[in-house]
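J.: Each chain is listed here by its residues.
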Amino acid sequence: MNSEKSVLKRLLKLYPVKTIKDEFDTTHSGEALYEEVVETKNANLICNFAYTNINNTKQHVYIYYLDKIFNPATFSPAGFPYPIINQTVIVDGIQIIISPIVEFRVILTNPFEETIMNFHQPYIITLKNRHLTFQATILEKNMATYFEDGRKVINVEKINDETVAIQHIIDFLNHYHPISCDLNKGIKHLWHNDRIDSRYVKWKKNRSTTTESMDENYTLKSQYPDIYAELIKNPLNKTIFKYLPEDESLPDHFTVDPTKGEISVPLYSKNVNQIANAINEILSNN
Amino acid sequence: MKFFQIIDNSFIGRFVDKRLNLIASTDPERIYVENIRSFYNLTTPLAKTFCNMAVKEHLFNKHFGVECPNESCQRIITSYTSKDELPEIIECEHCLLLEKDKYQFGKSEYNVIEFYKLNKKVV
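Here the protein sequences line up with chains A and B, keeping their order.
If you read the first sequence in our numbering, its first letter stands for residue 56, the second for the next number, and so on.
If you read the second sequence in our numbering, its first letter stands for residue 5, the second for the next number, and so on.
Hints listed in this document are in silico derivations from the structure and should not be mistaken for laboratory results.
Treat the hints with care, since some could be wrong.
Lysine-lysine pairs mimicking DSS-like chemistry, simulated, CA-CA at most 25 Å apart [as the list claims (entries may be wrong)]:
| no. | chain 1 | residue 1 | chain 2 | residue 2 |
| --- | --- | --- | --- | --- |
| 1 | A | K257 | B | K106 |
| 2 | B | K104 | A | K213 |
| 3 | B | K52 | A | K259 |
| 4 | B | K121 | A | K276 |
| 5 | B | K106 | A | K64 |
Using the sequences and the hints given, assemble the complete structure.
T.: So this is what it looks like as structure tokens:
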């Protein structure tokens, strides 16, 4: 269940097929593609591919605000709660790559079985100026895809998911007192300037929480300018945004929970810069 | 021609009062049987008959909207002009983007809601 090859195969499945094919020069498809790569390439090669292509994955992004400017000179990896795979100096900060093992407890029927499944979860962690950003690769939620046809998954429990890993790292950096970064100002700037519009928005009214979920491909500001003018004064909760220009600078769609400082890109990006561009554009206007 | 004038000149205008209420509240791109029923205080079957007559008079076009069956969503994912076009499998992009466990649905799982659009050729 958790042999090295099985875990590497699960790691590969987090990446777009095209990226794998381009890297490993294979023409196979489906399960045969992953089988060929884990049988013919060594573990280091596969892991290196994974760590250098994190920006091709679907991602959950968590942004925290630091109470003082991050000083790269004082950062010591000693005691960091996870093995650091790579540490890079960037302008005004550092970028770290980690890949903790996440465990899922899975209960199956036909026949009944309880098993633990291990997954690599690659992250890019950025410490820059007053922000700590986690870009966590989204893991496959549908565990049934890892078992033979006819077996039914009746329960899945994450034993140590990304909230655990993030909390450990926040504890390590507690001298910066990280708090969730409110993104309302940055995201509303993009919305005001018609860089984005929303297909689903949840916002706080004084005494209630309201959701507007647009039918078909309609977007809120273009269809209901009066509602937009009202909601833009209030805190936003989880909202789906559509990127309006056709320059592929940002992901076509992404969700943001501005009040919690969370961005989610649950579809593969069209290029490796899209998620970083979204983070930068929101933070630079925040 | 304005929406209310079209309605006014049709059979609906001949049958019912309070026509201006309909005009003020209805999106000509989304006319539900319930809009017609509630504005004119009709029974649902009668309102449905009115809508179907409006289709026969080429005043309305009938559409079939596929509703997302997720309890917390229920939006219209997409719509078609004929029942024959309804897909075997449909994906709700909102549920996918909101990372719901289920976002793909078979024909037997989703509900189809009928609505009407004002025929732009008569506007």
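J.: Next, verify each hint and record whether it holds.
T.: Structure-based check of each hint:
no., hint, in the structure
1, A:K257 to B:K106, "20 Å, holds"
2, B:K104 to A:K213, "16 Å, holds"
3, B:K52 to A:K259, "37 Å, violated"
4, B:K121 to A:K276, "22 Å, holds"
5, B:K106 to A:K64, "24 Å, holds"
The structure fails to meet hint 3 from the earlier list, while all remaining hints are met.
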